Amino acid sequence: MPWHVRPGPAPASTCCTVALAGNPNTGKSTVFNALTGLGQHTGNWPGKTVVVAEGTYTHCGMTYRVIDLPGTYSLLAASPEEEVARDFICFGGGNATVVVTDATCLERNLNLVLQIMEITPRVVVCLNLMDEARRKGISVDVDRLSSELGVPVVPTVARTGHGLPALMDTIASVASGRLATRPLRVTYSPEVEALVADIEPRLSAVMAEVAPGISPRWVALRLIDGDPGLIEAISERVNRQWSQDTRPRSAARSVAARSGIPA
Amino acid sequence: MNRMAGWQFLDLVEAAREAGSKMPGDVRDLMVTRIYEVAGAICQKTVRRATRPARDWDTRLDDILTSRLLGYPIMLALLGVVFWITLAGANVPSRLLGAALFWGQDRLLDLFSWAGAPSWLTGVVVMGAYRSLAWVVSVMLPPMAIFFPCFALLEDLGYLPRVAFNLDAFFKRAGTHGKQALTMCMGFGCNAAGVVSCRIIDSPRERLIAILTNNFVPCNGRFPTLIAMAAMFFGAGLQSAAALSLLGTVLLGIAVTLGVSWVLSRSLLRGIPSFFVLELPPYRKPQVIRVIVRSFLDRALFVLVRAATVAVPAGALTWILGNSMVRGASLLAHVAGFLEPFGQLIGLDGHVLAAFLLGLPANEIVIPILVMEYSSAGAMVDLGGLETLRELLVSNGWTPLTAVCLILFSLLHYPCATTLWTIWHETRSARWTAVAALLPLAVACVACFLAASAGRFLCAG
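For the record, the sequence lines run as chains A and B.
Residues 1 to 263 in the working numbering are what the first sequence lists, from first letter to last.
Residues 1001 to 1461 in the working numbering are what the second sequence lists, from first letter to last.
Since the hints were derived computationally from the structure, they do not count as laboratory data.
Bear in mind the structure is a predicted one, so any value in this text is a computation, not a measurement.
Just so you know, not all the hints are guaranteed correct.
[Said to hold, decoys possible] Result set (DSBU-like, lysine-lysine): computed pairs, CA atoms no more than 35 Å apart in a straight line: (1) 136/A x 1285/B; (2) 1285/B x 1045/B; (3) 1045/B x 1172/B; (4) 136/A x 1022/B.
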């Protein structure tokens, strides 16, 4: 059955949208299944050949719509999976993003966590596969990790359902804004930081209209490293806003043309 | 949008791009390196590792399962065991279901005659639609309910990526992508799903090869046909013999996949295979109950519902074709008669080819259609189990050679309509969709012709 995930705000007022991101093989689908049970569908992302699953669960009277994003190692390279994941986190209007990580190889997984925290502060880290980590003699200081990252970290064993009630509670707190996060900011070389300091304030005005909720700092960083995919995605949104006004199309097209992208 | 803000954005894009390109070194690489540094620093503070043996048990298990010596035998043995479980386990429930559903057919007949329904209505509804539905359910449901969960368990254990690892060398020699081993495995479930899964292959050339050859592994729609043939003509009461012939069929399908890929990568789709990294995920204890429930709901019932929705109209249509008389013979007999010489040439007959044509919507219904073709003209047969089916086929001139040719044709012929539609959807090309239909058909005809000729030569000699 063809079925599409519509990026956009959740339909009902008592409904929150939660994106589920993570590296491949971290048990992300197990977390998704454990959260949503049998209430799920799979569908294609419109215009992209990537399969996305969506499901819902209820917690304390609120309905949560969970989007199982494709498993990716980063959000920087240009594979279709990474694009879908990045675009949903940026423009999907989610209330929180859960990053499922593998406790047995945390270092590689943190790469994605740090990248997502650059985009949105509303992040919950789900430290999954705790049983495997224990079996391999790996222990993680969860409180320390949480305070280092500045976002909540919930240890889970999704296979047995261990830690899932806590995960749901934490998602609820972050999505509603009751729990304010203070995500760690990765600082780059002084040259980059100087440039960001110059661009970021000027970007804020535009981004507030085009994609509220994305950090202007992150967009500034992507502009500096010349991420064509993201510039295209934002240009598209600028175009859309412009065509709602009475502006001629040529001006809209020039956004893409001037940023070096074929319209 | 505020006009000023829009232009401001444009200027910013340009300014940032210019400034970024003036920076020393690759800006993105430097940023990624920095992120990794931070991640490493955090891990140093939060993760502690007990000293552990250099090689733990899953590395040792990988050494065995992917070894040069034992990798293939273990793979074959596991596949053989899954087939054996399917054949041995499906027998009894299949017979019970068949008996129950054909008891229902008799009751339906009673009901229709009590209501005084015209004979054509009874024919279309009971003898056409209901009977093919009953056949599909009784023959397909038990094997699927066993085969799918078994396969899903292997998947959940983490064994399938090892299969891809083992087969990678073959696919590389065939000039294609190693991930084709994974898409091929998906094809065992459903070729349409297999074709969709080819998206994991990045290179367009190799993706196209994987799509075009996906059909050469038997999907679930065709497994019941193959299982029934193996059980009837090669089992002789021995499940292990039937399982072995089924294993041989699957191996032949894999060999043809590799062969056709090899030819394609040296003719129509020339190129060099690209490299890829295959992560071997850790072995995990499968969640047995969840896997069984999900694979039953998602796959077995899905395929069954699809087969049933196609079987009902196809059954009715076949009955109508089989009972509409034109110039002294039924329409179906005319079609079968027209196809007969060609069918005989490749070791089959006109009825079989007609059944494959009518079965284009779904391969599941080829055997039910064939049964209707053979039985609609003659006396009504009670199809309680495989033994009666075998008698019906033998009385229509079938030999083990016919069964071999039917297995070959079913294994190699064009994919079902759903798969073809999916191929069109994935390639957006009518030309490649046509290739995907005609290439397997040609392969199937050649293989059947060779098998039939060889069989006749051996029998004559």
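Distance restraint between residue 1045/B and residue 1172/B, which requires alpha-carbon spacing of 35 Å or less: 43 Å, violated
Residue 136/A paired with residue 1285/B [C-alpha distance capped at 35 Å]: 15 Å, holds
Proposed proximity, residue 1045/B with residue 1285/B (alpha carbon, max 35 Å): Within the cut-off at roughly 31 Å; holds.
Hint consistency between residue 136/A and residue 1022/B [alpha-carbon to alpha-carbon, up to 35 Å]: 47 Å, violated
Comparing the model with each numbered hint stated earlier shows that hints 3 and 4 do not hold.
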